[in-house]
Amino acid sequence: MLIEARNLSYEYMPGTPFQVEALKNITLGIEKGSFVGIIGETGSGKSTFVQHFNGLLKPTSGQLLVNGKDIWSHSIDLRALRTKIALLFQFPEHQLFEETVFKDVAFGPRNSGLKGKELAGRVRMGLEMMGLDYEIYRDRSPFTLSGGEKRRVAMAGILAMSPEVIILDEPTAGMDPLGRQNFLEQIERLHREENLTVILVTHNMEEIACLADKLFVFSRGKIVLQGSPGDVFASAEQIREIGLDVPSLTRLLQELKKKGKNIRTDLFTAEEAAAEILCRLGGRDRL
Amino acid sequence: MSKIIEINSLTYHYPLEGGGVIKALDNLSLKIAEGEYLALIGPNGSGKSTLARHLNALLLPSEGEILVEGLLTSREEYRWEIRRHVGMVFQNPDNQIVATTVEEDVAFGLENLAVPPEIIRRRVAEALEMVGLTSFSHHAPHLLSGGQKQRLAIAGIFAMQPRCLVLDEPTAMLDPRGRREVLETLKRLNRTEGITVVHITHFMEETLEADRIVVMDKGRLVHEGQPTDIFGGDIDLESLGLEMPAIPRVVKILRAGGLEIPAGVLDVNQLVNFLC
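Respectively, the protein sequence lines represent chains A and B.
For what it's worth, the working numbering labels the leading residue of the first sequence as 1, then goes sequentially.
For what it's worth, the working numbering labels the leading residue of the second sequence as 1, then goes sequentially.
Calculated from the structure, these hints are not laboratory results.
Just to be clear, a hint being listed does not mean it is correct.
[As the list claims (entries may be wrong)] Simulated restraints, written as ranges between beta carbons of each label pair:
id, chain 1, residue 1, chain 2, residue 2, range
1, B, ARG122, A, LYS84, 58 to 64 Å
2, B, GLY20, A, CYS210, 58 to 64 Å
3, A, PHE97, B, HIS139, 33 to 39 Å
4, A, PHE89, B, GLU224, 33 to 39 Å
5, A, GLU193, B, ARG75, 58 to 64 Å
6, A, GLN90, B, PHE108, 25 to 31 Å
7, B, LYS23, A, LYS24, 49 to 55 Å
8, B, ARG122, A, PHE97, 57 to 63 Å
9, A, LYS24, B, GLY70, 21 to 27 Å
10, B, GLU224, A, THR269, 28 to 34 Å
11, A, THR16, B, GLY132, 52 to 58 Å
12, A, PRO17, B, GLY233, 44 to 50 Å
13, B, GLY233, A, GLY33, 37 to 43 Å
14, A, ASP133, B, GLU81, 39 to 45 Å
Here a beta-carbon is modelled for each residue, glycine too, at the ideal position from N, C-alpha and C.
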């Protein structure tokens with residue numbers, strides 16, 4: 001298991017009148033090379049949880065293990081850990097600060113000691129992994145870029161560290177449909193081709209249903225559901241009760257099934273859903 | 001229906017640092033009817049937010065004109081009246097909170113207009129009722145959920161008794177429940193109070209119940225029509241950086257596969273009714 005939480009609990013401001021138990025006894029494992037979705041309503045503890053993965057937060061009780069080692073009890077180098085397990089915060093474009101795209105993307109690898117050609121190579125790699133042409137973008141000011149480009153530059157800065165795991169917290173909030181699609185296609189490609197482990201925290205159910213192998217559903221600091229998107233969204237009522245939603249395609253297929261149609265409900269693209277409808281209903285009922 | 005907003009050949013240039021300009025709006029004309037629910041979509045950078053900021057004179061036209069209830073936004077003497085008619089809600093709920101309790105936050109705008117206290121009290125109570133936050137009157141706004149904060153922002157504007165509400169991606173940062181709450185609130189304001197709504201969004205599904213959808217690209221208005229026109233399959237939304245919502249996408253494929261689905265089937269219930 002690459003990342004493992006064992007009975008992990010976290011309290012904000014323990015011992016004060018403002019003490020809040022944000023995570024309650026979480027146990028879960030994330031395998032190398034998987035694409036994991038974390039969903040849950042605002043305040044359910046998702047972001048707090050993923051900030052434990054690279055030691056930005058320390059559990060109040062319980063353990064967080066990476067490759068079988070407790071990142072707090074063994075003398076693990078947290079700096080090195082953070083280059084392996086990289087976290088992209090919400091609205092990462094607000095964190096761009098350098099004069100050129102090159103300098104911004106180079107910031108992380110330079111801090112870990114890279115220089116000269118090696119550094120430039122990493123910057124090129126990061127930018128190209130996000131589909132940004134190195135020659136075109138390297139000398140531009142980050143502040144002249146569009147919102148979607150800025151976000152990809154921020155992401156390139158993380159990829160330039162050659163992480164093994166990337167954690168993305170609401171990476172597509174505020175992006176238009178095409179920007180969202182392009183961004184996620186790059187991530188999906190990195191996952192497929194580079195075997196990058198991806199952990200995606202999102203409010204967008206349609207998005208995550210198509211991408212993730214496994215979903216963890218948070219509510220009030222606990223994991224209330226887990227499994228493949230098909231398994232998780234099959235519990236439609238519980239999903240809605242905790243303030244989330246099932247993708248509208250799933251709703252369509254589930255409604256048809258409720259009306260007695262023999263139909264699969266675990267399909268998450270319009271093409272697959274339409275093919276299933278044509279195959280199950282088209283021939284017999286209509287044509 | 002009478003017009004509440006009339007935009008005539010609006011062009012707007014953003015000044016660039018170090019000289020030069022960017023044309024953000026390009027000869028755009030649009031009339032918005034009193035009581036209409038208008039959805040505004042378009043890719044990032046298409047000029048939606050720039051247009052929205054013209055509707056209550058936060059920005060003024062470089063060329064062309066805008067009339068709100070017949071008043072020119074470029075005339076300084078009308079500016080405050082125009083801003084009372086047209087209220088704005090922005091994307092980030094945390095940037096719109098000004099007070100330490102929910103009811104004080106709603107009262108803020110009215111206090112600035114020196115409205116008598118007893119009227120403020122009544123209007124604040126009505127506004128909180130309208131957005132469903134009455135039981136939170138004495139709560140601290142920063143402890144509300146995202147959806148509650150956006151409804152609070154809407155209440156603050158509703159209390160000013162505007163004729164039109166302009167919302168710039170009000171649900172972009174919300175979870176599904178928050179989005180549902182905000183959408184229901186907007187529908188209620190529109191249907192029961194007759195308030196004109198201009199709703200900018202990147203979520204295509206949120207536009208399915210609008211009276212009219214306006215599509216922008218590169219500062220121009222490129223399509224307009226009812227949801228059935230826009231999502232009927234004839235308009236290439238992908239080339240504009242947009243997409244069809246999931247159900248219209250399925251309908252399009254089903255039609256190509258031989259099912260004769262009538263126009264106007266846009267949501268889950270309509271499609272289920274047709275298929276069963």
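Structure-based check of all given hints:
1. Between ARG122/B and LYS84/A the Cβ separation comes to about 59 Å, which falls inside the hinted range of 58 to 64 Å.
2. Under the hint 58 to 64 Å, the C-beta atoms of GLY20/B and CYS210/A, about 42 Å apart, miss the expected range.
3. The hinted range of 33 to 39 Å is satisfied by PHE97/A and HIS139/B, whose Cβ atoms lie roughly 36 Å apart.
4. Roughly 38 Å separates the CB atoms of PHE89/A and GLU224/B, a value that falls within the hinted 33 to 39 Å.
5. The hint said 58 to 64 Å for the Cβ distance between GLU193/A and ARG75/B, and at roughly 59 Å that hint holds.
6. For GLN90/A and PHE108/B, the hinted distance range of 25 to 31 Å is satisfied, since their beta carbons lie about 27 Å from each other.
7. A beta carbon spacing of about 54 Å between LYS23/B and LYS24/A agrees with the range 49 to 55 Å that was offered as a hint.
8. Here the CB-CB span from ARG122/B to PHE97/A is close to 49 Å, at odds with the stated 57 to 63 Å.
9. The hinted range of 21 to 27 Å is not satisfied by LYS24/A and GLY70/B, whose Cβ atoms lie roughly 59 Å apart.
10. The hinted range of 28 to 34 Å is satisfied by GLU224/B and THR269/A, whose Cβ atoms lie roughly 29 Å apart.
11. The hint said 52 to 58 Å for the Cβ distance between THR16/A and GLY132/B, and at roughly 32 Å that hint is violated.
12. The given range of 44 to 50 Å is broken by PRO17/A and GLY233/B, whose C-beta atoms sit roughly 58 Å from each other.
13. One distance hint, 37 to 43 Å for the beta-carbon pair GLY233/B and GLY33/A, holds here, with the actual separation near 39 Å.
14. Distance hint check: the CB atoms of ASP133/A and GLU81/B are about 50 Å apart, inconsistent with the given range 39 to 45 Å.
Going down the numbered hints, you'll see the structure goes against 2, 8, 9, 11, 12 and 14, while the others check out.
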